[in-house]
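Listed below, chain by chain, are the residues.
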Amino acid sequence: MVIKNKLAKTLVTTALVAVASLFSATSMAAENVGFVYVSPIGDAGWTYQHDLGRLQMEKATGVTTKYVENVPEGPDAERVIREMAKRGDKVIFATSFGYMNPMLKVSKQFPNTAFVHATGYKMGKNMGLYNARFYEGRYLTGVIAGEMTKSNVLGYVAAFPIPEVLQGINAFIQGARSVNPKAELRVIWVNSWFDPGKERQASLTLMSQDADVITHHTDSTAVVQAAEEKGKYAFGYHSDMSKYGSKAHLTATTHHWGNYYTKVVKAAMSGNWKPENIWGGYKEGMIALAPLNPAIPAELQSRIASMEKQIAAGTLHPFKGPVVDQDGKTRVAAGQTMSDGDLSGMDYYVQGVVSKLAK
Amino acid sequence: MSILESILFETIVAGTPLIIVALGQLIAEKAGVLNLGAEGMMAMGAIAGFAVTFHTGNPWLGVLAGMVAGALMSFLFAFVVLTLMANQVASGLALSIFGVGLSAFIGKPYESEILATVPTWRIPLLADIPIIGGPIFNQQPLIYLSWAIFGGIAWFLYKSRPGLLLRAVGESPSSAHSIGYPVIRIRYMATLFGGAMAGIGGSFLSVFYTPLWVEGMVAGRGWIAIALVVFATWRPFRVMVGAYLFGGVMVAQLFVQGSGLEINIPSQFLSALPYLATIIVLVIISRDQNTVRLNAPVSLGQPYRPDA
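So the sequences go chain by chain: P and Z.
The C-terminal position of the first sequence is numbered 1465 in my numbering, with every residue numbered one higher than the one before it.
The C-terminal position of the second sequence is numbered 336 in my numbering, with every residue numbered one higher than the one before it.
The following block holds chain P by itself, in its conformation from the complex (with noise of 0.2 angstroms):
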């Protein structure tokens, strides 16, 4: 349920708090972990991948999980995670930014869970982080689009201007330009990570303005539904989105949680478990391209093979100096990378971007 009204979110968050308190009353296993999902689990997207890591680690652990799904940021988040602190769940991950501070409040309550908050930057005694490079796999879809172009324009539908979204699109045009100088990027914003109408019309709009690569940090897979139906391509995000269009998908940035999920909960059955900050790439297996589309030149598909091997490795950083931001000031000095103090502030578009970022 997708539910507007706040009061009804409210009514219905305490209702499943009162479900799960009925549980946890009767249930004493020491073992469970707790996970709390900011929207449906659904088919595809962010928690979809977060889901499939649950369960990945729930059979490489044995332990048992519970998930809430479609918890607002806010208020309702705290009582979700008390609960399932209160029932004894050695771990709980919350899996979106906005569970940040409820989750800090809740952790000093209970000192002997383990509490782990992807894509924030707050930790705590027993607080851990932990989100991922996403714009690794950027970089590399970027790389393709620049071989794949006709036109040298692409278009990306975004939701928010914050940082994470930023180095995506700054990787993506930098991972173009690295194959293709002439390649400029058109970047519309929806103010939304979840309007399917928008999200298409955006598209729409990108294709009518001669891109013909696109792509979309935002959460449905309307992007990639509207390339198919114009017959361009298109890259899909969080999962593998191949069956919204078959012939327009010519790869996704996807996101692998569950050796990531399965190390903390063994540590934490072991008890050795600390906080930590992971921000994990292709190194670490949190990122992943799905499988390339077959309209890629066979060429290309294993120079991206080494690619991501060197991105592995760390030999290859997708903000290699030089850096240079659309006002021309060098953001990374030839030779340099970007530091991850850097990447995390980031609030510019590189060179090849034409749109313009309100200031």
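Don't take every hint at face value.
[Claimed, not checked] Per label pair, the in silico range of CB-to-CB distance:
| id | chain 1 | residue 1 | chain 2 | residue 2 | range |
| --- | --- | --- | --- | --- | --- |
| 1 | Z | Ile-157 | P | Val-1430 | 44 to 54 angstroms |
| 2 | Z | Asp-156 | P | Lys-1389 | 56 to 66 angstroms |
| 3 | P | Lys-1415 | Z | Tyr-172 | 52 to 62 angstroms |
| 4 | P | Glu-1405 | Z | Thr-148 | 36 to 46 angstroms |
| 5 | Z | Ile-151 | P | Ser-1352 | 27 to 37 angstroms |
Calculated from the structure, these hints are not laboratory results.
Glycine included, each C-beta is placed from N, C-alpha and C at the ideal position.
Using the hints provided, position chain Z relative to the given structure of chain P.
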């Protein structure tokens, strides 16, 4: 298609679900029934339309199913507020939540399915007019339907006897009752019509527009349609103007963003612009107090007890 043509084309597509839903709400409100459940009815229309189109391969059966689903939802509402006399605002909100939730539940198995795009209908000769011909006369078939609905409703409300009766029921149900008209039955019919339109609007989204089904895909359009009726002071033509204006500004701001024009306006503001522009324009054209008084149904939202 040139840029101008694609803006026009997309504007019409974006405005259409709002027009269909808002015109249906307008009829219900003209009879004095305020149904805030449009979001839920649209969601049910969307999933019913998608599921039936998916199984039969026929988008028109899908639209029919969406219409029936919307009408059924509004029947539920009508029973609660017209027969049981419950509060219309609260019941409408409940219907919205219920419809969105139920559609998500029913729609689970359809989340990964896709439909073929319905081809546009090209109207000969008219589609050859330069610039406006393509966007207006080579459109998805439901868009022509929305114009037919508009014409029908405008005629019905202002030129026909039943339309006069419907307005009378909305103005003064007790007077209508005292001269022998079945107020409750008329309100039932108006509410069902509103639901059916919301269902068609929902099925337009899932069958013609995106075409896909995911929960929450209505994304607030039901609420926009309800607001549109109020800001358009219950006049069909203004509803249409408002819907296209909303769609137009939304599409235009996407084009501006993609074009790379040197504008220093945050994209968040651009995204809010369609709402802002629509409200401002409709408030300005509807600022005459007499127009508002003449067109706002007096008994809107108030229950009526025939025996009282």
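If any of the earlier hints don't hold here, list their numbers in rising order. none
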